[in-house]
Structures are given as structure tokens and as C-alpha cells.
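Number of protein chains: 2
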Amino acid sequence: MSTETTDAFQALADRGRREILMMVAKEKRSINAIAENFDISRPAVSKHIKILQNAGFINIEEKGRERYCVLNQTGFSEVQQWINTFEEYWTAQFRSLENYLASNVPVSKK
Amino acid sequence: MSTETTDAFQALADRGRREILMMVAKEKRSINAIAENFDISRPAVSKHIKILQNAGFINIEEKGRERYCVLNQTGFSEVQQWINTFEEYWTAQFRSLENYLASNVPVSKK
DNA sequence: GATTTACGTAACCTAAAAGTTACGCATTAT
DNA sequence: ATAATGCGTAACTTTTAGGTTACGTAAATC
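Those sequence lines, one after another, are chains A and B.
Our numbering applies: residue 1 is where the first sequence begins, and numbers increase by one.
Our numbering applies: residue 1 is where the second sequence begins, and numbers increase by one.
Hint data in this document are derived by calculation from the structure and do not stem from the laboratory.
Treat the hints with care, since some could be wrong.
No copy is singled out in the list; a pair is fine if it fits within one copy or between any two copies.
In silico SDA-like links for lysine to any residue, alpha-carbon gap of 20 angstroms or less [as the list claims (entries may be wrong)]:
#1 63 with 1
#2 47 with 105
#3 47 with 13
#4 47 with 96
#5 47 with 91
#6 26 with 84
#7 26 with 92
#8 50 with 13
#9 28 with 91
#10 26 with 82
#11 63 with 98
#12 28 with 88
#13 63 with 78
#14 26 with 73
#15 26 with 89
#16 28 with 1
#17 47 with 94
#18 50 with 31
Just need the whole structure built from these sequences, with the hints factored in.
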């Protein structure tokens, strides 16, 4: 795990990390609280957290010796933006389907 | 590259694969046509295509000995759905910000 | 019908991701 | 002051991802 990853998609590639995000979405959690819900060791979780943080999916709220994870919209937006890039393609597809239907499929008349 | 990958996020983890999707979004392309635009070998591209296909991002249109790649919305929708899962979280965040502002921040009066 | 083209696939190698244990270091509790 | 807790990190091992070359095969070209 090269924890310096900054790529949002790379960060989401791991199932465990996606589960972590879903857990944190339900409620703010400390590193240990997260680790308790996984089979992997705490240090492993710790690394995942760092990756998610660097990719902009979570923020850390330090409270004494505990570190709470909360969602950060940055990473999600990045992915959303990329998905939106293809919006144009789908609407074009849709329009050409419309054209096809308009010119080729007989409309039932009353 | 275990080409049996069916995971959408896993498929998007690779930069090259994301580029392939963007290329294909511009226009339908054969495997070789795609490979020409990359530094990697054709067999490598071939594997990437298979991964993208299995993950539901592209469909193959066979035309004689050529195989054309076209986008498939399935994979994109899967990712979109996952992103939408967190929608609830952000709106809750927004509402609590609203509440905070309403109760704590003095409104400038005229 | 021989050759070239457009692929897929198997076998293999390398590098990076993901995991572990074993520490160390603050912070909190006793 | 001492012990216990909540982490991060370094060093190491295993697994997987991504790449290659070397084939084979079916369709197009000559």
C-alpha cells in the first residue's frame, strides 16, 4: 500500500476502502472503531484511511489521542465530474435513437 | 491483469483504461486503433478492453476480423449509483449547516 | 492458395498493492 | 508516576496488477 496515492479512482478500487466510506457515512468513527469492524489489522486500516484522506474522501478530526474520520466531498465530486464528462455521449446516443425511431418506426395511428 | 475482473471501480482504477473510455466516447474504435494511441503493446490493450467489457463499460461490435469498442452505460450507472448512495449524507450535512447558521449567526438587519 | 491483417491467449516477469508483526510515542486513566 | 490506550510507521512478506514475447487462428487481400 503506497499511502501517497492521490488518485480518487485508485482509492475507490479497494472494496474495504469503499466499505470504510459507507461506515463513516453512517457516523463519525475513530480509527480503532473502524478497525473493529474488519478482519484486517489496525495498521492496515490505518493505511487505508491515509489513502482515502490523500484522495480527498475523508477528513480527520483529531480529538486527544483519537482521530475521527468524517466524509469529505472533494473526492466524491472528482469522481462525479468524471462521470459527467460522458453525459454528452449518452444524450447524443439518446437523440440518435430518437431520430431513428422518428424516421423508421411507424407510429400507430388512431 | 486478471481479466475476469467484474468490479466497476477496479476497472476505473487504471489511468490507461480511463483514457480508453474517453477515446471511445469520441468515436467508435477498433482494438488496434486504440493500441496505436498508447505506448503499451496491443496484447496489453486487449486485456484492458476485456476488463472494461466485463465491468460493463464497453460493448464490442464485431465486424469481420475487427472488433469495435463502443461505450456501455451499465458500468457508468453502477458508479453513479454508488456515488448517489452518499447523497443523503451531503444533504444532511447541508441541513445541519443551515440549522447552525440559523441559530448562531446574527442576520444583518436593515 | 499464399500472405497479410486483426485479433485472442498462454506463459512469464516485474512492480506495486495489501497485508503482517514489531516497534515507538503521545494522551488518558489509575 | 505508572499503566493502558490509540494511534503512526518501519521492515518485511505475499498477492495481484500490468506489462511483455511468442504463439495460434480466422478473416481479408493478393
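Hint-by-hint comparison with the structure:
Taking CA atoms no more than 20 angstroms apart as the test, residue 63 paired with residue 1 passes in neither setting, with 26 angstroms inside one copy and 42 angstroms between copies. Taking CA atoms no more than 20 angstroms apart as the test, residue 47 paired with residue 105 passes in neither setting, with 57 angstroms inside one copy and 39 angstroms between copies. Taking CA atoms no more than 20 angstroms apart as the test, residue 47 paired with residue 13 passes in both settings, with 14 angstroms inside one copy and 18 angstroms between copies. In this assembly of identical chains, residue 47 and residue 96 lie within 20 angstroms of each other by CA distance neither inside one copy nor across copies; the values are 47 angstroms within and 30 angstroms between.
With identical chains, the CA atoms of residue 47 and residue 91 are never at most 20 angstroms apart, being 40 angstroms at best within one copy and 29 angstroms at best between copies. For the homomeric pair residue 26 and residue 84, the shortest alpha-carbon distance between copies (14 angstroms) is at most 20 angstroms, but the shortest distance inside one copy (26 angstroms) is not. For the identical chains of this complex, residue 26 and residue 92 are inter-copy neighbours only, at 11 angstroms across copies versus 38 angstroms inside a copy, given an alpha-carbon limit of 20 angstroms. For the homomeric pair residue 50 and residue 13, the shortest alpha-carbon distances inside one copy (15 angstroms) and between copies (17 angstroms) are both at most 20 angstroms.
In the homo-oligomer, the alpha carbons of residue 28 and residue 91 lie at most 20 angstroms apart only across protomers (16 angstroms), although the nearest pairing inside one protomer, at 39 angstroms, exceeds that limit. With identical chains, the CA atoms of residue 26 and residue 82 are at most 20 angstroms apart between copies only, with a shortest distance of 15 angstroms across copies and 25 angstroms within one. For the homomeric pair residue 63 and residue 98, neither the shortest alpha-carbon distance inside one copy (57 angstroms) nor that between copies (25 angstroms) is at most 20 angstroms. In the homo-oligomer, the alpha carbons of residue 28 and residue 88 lie at most 20 angstroms apart only across protomers (15 angstroms), although the nearest pairing inside one protomer, at 37 angstroms, exceeds that limit.
In this assembly of identical chains, residue 63 and residue 78 lie within 20 angstroms of each other by CA distance neither inside one copy nor across copies; the values are 28 angstroms within and 36 angstroms between. Taking the shortest Cα distances, residue 26 and residue 73 sit within 20 angstroms of each other inside one copy (15 angstroms), while across copies they are farther apart (29 angstroms). Taking the closest pair of Cα atoms, residue 26 and residue 89 come within 20 angstroms of each other only across two copies (8 angstroms); inside a single copy the shortest separation is 34 angstroms, beyond that limit. For the homomeric pair residue 28 and residue 1, neither the shortest alpha-carbon distance inside one copy (24 angstroms) nor that between copies (36 angstroms) is at most 20 angstroms.
Taking the shortest Cα distances, residue 47 and residue 94 never come within 20 angstroms of each other, neither inside one copy (43 angstroms) nor across copies (29 angstroms). Proximity of residue 50 to residue 31 under the C-alpha cut-off of 20 angstroms is restricted to the intra-copy arrangement: shortest distance 11 angstroms within a copy versus 37 angstroms between copies.
The structure does not agree with the numbered hints 1, 2, 4, 5, 11, 13, 16 and 17 stated previously, though it agrees with the rest.
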